[in-house]
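Novice: Residue-level listing of the chains:
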Amino acid sequence: DAKTTQPPSMDCAEGRAANLPCNHSTISGNEYVYWYRQIHSQGPQYIIHGLKNNETNEMASLIITEDRKSSTLILPHATLRDTAVYYCIVGSSNTGKLIFGQGTTLQVKP
Amino acid sequence: GAGVSQSPSNKVTEKGKDVELRCDPISGHTALYWYRQRLGQGLEFLIYFQGNSAPDKSGLPSDRFSAERTGESVSTLTIQRTQQEDSAVYLCASSLQGSSGNTIYFGEGSWLTVV
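The listed protein sequences derive, respectively, from chains A and B. Heads up: the first sequence at position 28 corresponds to 28 in this note's numbering, and the numbers run straight through without jumps. To convert, count from 1 in the second sequence and add 110; that's this note's numbering.
Excised from the complex, chain A in its bound form (with noise of 0.2 Å):
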C-alpha cells in the first residue's frame, strides 16, 4: 500500500472550513483514498473516500488532484466536536491491509 504524508497538526476556527492536506504520491492505479477521524479513545469513524472524483457526502468533501498524488479533507463548518485526529490512508479494502500513519491532529478552537 502506499504511503502517505500528513501535517501533525492544524488549528481551525469553530465556524470556518477545515482544510486538512495529504499526500500521496506513490498511489497506484488501483488504491483508494480513504479518510477516518479518531475521537480520543474511540474507534476509528469513516469520513469518506475516492478514487479520481471529488466527493461530498454529508460529513466532508474530499478533493484528489487530477494526478492522483494529493488530496484535500474539507469540513466545511468545523465545529469543536471536529477535533480529532485525522487519518489519510491509500489502498484497497481487499487487501485488508488499510494502513494507518500517524494522521494530523487537528484542533478546532472557539
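Just to be clear, a hint being listed does not mean it is correct.
Calculated lysine to aspartate or glutamate pairs in the EDC-like style (CA-CA distance at most 20 Å, straight line) [unchecked claim]:
1. 97/A <-> 182/B
2. 121/B <-> 166/B
3. 97/A <-> 218/B
4. 167/B <-> 182/B
5. 52/A <-> 31/A
6. 3/A <-> 154/B
7. 97/A <-> 166/B
8. 125/B <-> 173/B
9. 127/B <-> 178/B
10. 69/A <-> 82/A
11. 109/A <-> 14/A
12. 127/B <-> 173/B
13. 97/A <-> 154/B
14. 97/A <-> 178/B
15. 167/B <-> 154/B
16. 127/B <-> 195/B
17. 167/B <-> 134/B
18. 3/A <-> 31/A
Keep in mind the hints are simulated off the structure, nothing from the lab.
Fit chain B to the known structure of chain A by using the hints.
Specialist: Below, chain B alone, put in the same frame as chain A:
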C-alpha cells in the same frame, strides 16, 4: 446490531494469562479485520479474513496471537501468555466483499490491560 460489536469493552488480566476478544461484524459483511492500537500510537494491522479464503496473518506480532472466524460471522482474537506489552486497544472492523473501495467500519474496541 447496526455496527461492529466488540466484547469485552474492557479487560484487565494478569501477566501470563490467556485472553479472548470477540468481534461481531456488521451483518452481511464478509471481510473482517483486527487492528491493535497502543496508547498514543497509530493502528497496527494484525489479521484479515475474507470469506472462505485463507486469512492474511502477516500482521500478527508473535505466535502467542491467533484469530479464528466462524463462517462469515463472529471472530475471536486470542492472546496466550499475555505480556505487559500486549496492553492496548484491540479494534475489529468489517466491510462488504467485493471490489476495491468498500468502506471499512470499526468497532469501539476492546481495551486490554495486562498487569
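Novice: The structure should be examined with respect to each hint, and the outcome stated for every one.
Specialist: Checked hints:
| no. | hint | verdict |
| --- | --- | --- |
| 1 | 97/A <-> 182/B | holds, 19 Å |
| 2 | 121/B <-> 166/B | violated, 26 Å |
| 3 | 97/A <-> 218/B | holds, 19 Å |
| 4 | 167/B <-> 182/B | holds, 17 Å |
| 5 | 52/A <-> 31/A | holds, 10 Å |
| 6 | 3/A <-> 154/B | holds, 14 Å |
| 7 | 97/A <-> 166/B | holds, 9 Å |
| 8 | 125/B <-> 173/B | holds, 16 Å |
| 9 | 127/B <-> 178/B | holds, 19 Å |
| 10 | 69/A <-> 82/A | violated, 26 Å |
| 11 | 109/A <-> 14/A | holds, 6 Å |
| 12 | 127/B <-> 173/B | holds, 15 Å |
| 13 | 97/A <-> 154/B | holds, 9 Å |
| 14 | 97/A <-> 178/B | holds, 18 Å |
| 15 | 167/B <-> 154/B | holds, 12 Å |
| 16 | 127/B <-> 195/B | holds, 13 Å |
| 17 | 167/B <-> 134/B | holds, 19 Å |
| 18 | 3/A <-> 31/A | holds, 11 Å |
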